[in-house]
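Model the full assembly from the supplied sequences, consistent with the hints where possible.
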Amino acid sequence: KAGVTQTPRYLIKTRGQQVTLSCSPISGHRSVSWYQQTPGQGLQFLFEYFSETQRNKGNFPGRFSGRQFSNSRSEMNVSTLELGDSALYLCASSPGTGEGQPQHFGDGTRLSIL
Amino acid sequence: TQLLEQSPQFLSIQEGENLTVYCNSSSVFSSLQWYRQEPGEGPVLLVTVVTGGEVKKLKRLTFQFGDARKDSSLHITAAQPGDTGLYLCAASGGSYIPTFGRGTSLIVHP
Numbered sequence: 001k002a003g004v005t006q007t008p009r010y011l012i013k014t015r016g017q018q019v020t021l022s023c024s025p026i027s028g029h030r031s032v033s034w035y036q037q038t039p040g041q042g043l044q045f046l047f048e049y050f051s052e053t054q055r056n057k058g059n060f061p062g063r064f065s066g067r068q069f070s071n072s073r074s075e076m077n078v079s080t081l082e083l084g085d086s087a088l089y090l091c092a093s094s095p096g097t098g099e100g101q102p103q104h105f106g107d108g109t110r111l112s113i114l
Numbered sequence: 115t116q117l118l119e120q121s122p123q124f125l126s127i128q129e130g131e132n133l134t135v136y137c138n139s140s141s142v143f144s145s146l147q148w149y150r151q152e153p154g155e156g157p158v159l160l161v162t163v164v165t166g167g168e169v170k171k172l173k174r175l176t177f178q179f180g181d182a183r184k185d186s187s188l189h190i191t192a193a194q195p196g197d198t199g200l201y202l203c204a205a206s207g208g209s210y211i212p213t214f215g216r217g218t219s220l221i222v223h224p
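As given, the protein sequences belong to chains A and B, one line each in that order.
Mapping of the first sequence onto our numbering: position 35 corresponds to residue 35, and the numbering continues sequentially without gaps.
Just remember that our numbering sits 114 ahead of the position in the second sequence, which is counted from 1.
By construction, these hints were calculated from the structure, which means they are not laboratory data.
Just so it is clear, CB atoms sit at the ideal spot from N, CA and C, and this is done for glycine as well.
You may find that some hints are simply not true.
[Claimed, not checked] Partial list, derived from the structure: chain A residues whose beta carbon lies under 8 Å from chain B:
hint : residue
1    : L43
2    : F45
3    : E82
4    : G100
5    : P102
6    : Q103
[As the list claims (entries may be wrong)] Chain A is nowhere near these chain B residues, computed Cβ spacing over 10 Å in every case:
hint : residue
7    : P122
8    : F124
9    : S126
10   : G130
11   : E131
12   : T165
13   : G166
14   : L175
15   : G180
Given below as structure tokens:
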């Protein structure tokens, strides 16, 4: 069974640009969550999508947005990139939504802002 | 904001040693999860604990959920180099906004 796939694995952008990251969940999983991981802040929740609807949102500015398609694949967009957006962005899928759902993570997209 | 404090932050030991890492909070959680993350990879779920006082074993790893469901520990017996990684605890209580601790970085030297 294929795991969670994230593309691209590495990305280099400059300040002010925008970026789109992609996530394909495990087959049959309908929930996709996005996280930002940095050495200083650790793993922080961005948002969760279930059945193409945003169900939960973390404490990030509106520059961070996402969407989910009917096949459960998800994309995350960051506009007007800042140096502080350099991080590992992780996507996780789970069969359903709700508290305590086990998260199956992809290997992430490493985003570097110059 | 629920905070999960993990300790120690770093741990460097020799193969064969035992170790315990901790995950503490002032909040009560309905469940808590432990993950291991290896360099260049995403976190992998190890276990979910739900009941206060619960103990779960996964080979050489023993997980315990505190009686009050505010803390948890992970004990590794006879650590091996393959145990090297970042150990993360995660929980959510009330609203589903999962909170992760900052992790314990473990290095096991052969």
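Classify the hint on A:P102 as holds or violated, based on whether any CB of chain B lies nearer than 8 Å to its CB. 5 Å, holds
Closest CB of chain A to the CB of B:F124 still more than 10 Å away: About 12 Å separates B:F124 from the closest Cβ of chain A, which puts it past 10 Å; holds.
Minimum Cβ distance from B:S126 to chain A greater than 10 Å, as the annotation requires: 18 Å, holds
Over 10 Å to the closest beta carbon of chain A is the bar; see if B:G166 clears it. Non-interface label on B:G166 holds, nearest chain A Cβ at 15 Å vs cutoff 10 Å.
No chain A beta carbon within 10 Å of B:G180's: Holds: least Cβ distance 16 Å, greater than 10 Å.
In terms of Cβ atoms, is chain A entirely out of 10 Å range of B:L175? Check passes; 16 Å lies beyond 10 Å.
Status of B:G130, Cβ more than 10 Å from any chain A Cβ: With a cut-off of 10 Å, B:G130 remains clear of chain A, as the shortest Cβ separation is near 30 Å.
Using 8 Å as the Cβ threshold, decide whether A:Q103 counts as touching chain B. 7 Å, holds
When you look at the beta carbon of B:T165, is every beta carbon of chain A farther off than 10 Å? Consistent with the label, B:T165 stays out of reach of chain A, its closest Cβ about 12 Å off (over 10 Å).
Per the CB criterion, is A:G100 less than 8 Å away from chain B? 4 Å, holds
Check on B:E131 being off the interface with chain A, judged by Cβ distance over 10 Å: For B:E131, whose nearest Cβ neighbour in chain A is about 26 Å away, the distance exceeds 10 Å, so it holds.
Minimum Cβ-Cβ distance from B:P122 to chain A exceeds 10 Å: 15 Å, holds
The structure does not agree with numbered hint 3 stated previously, though it agrees with all others.
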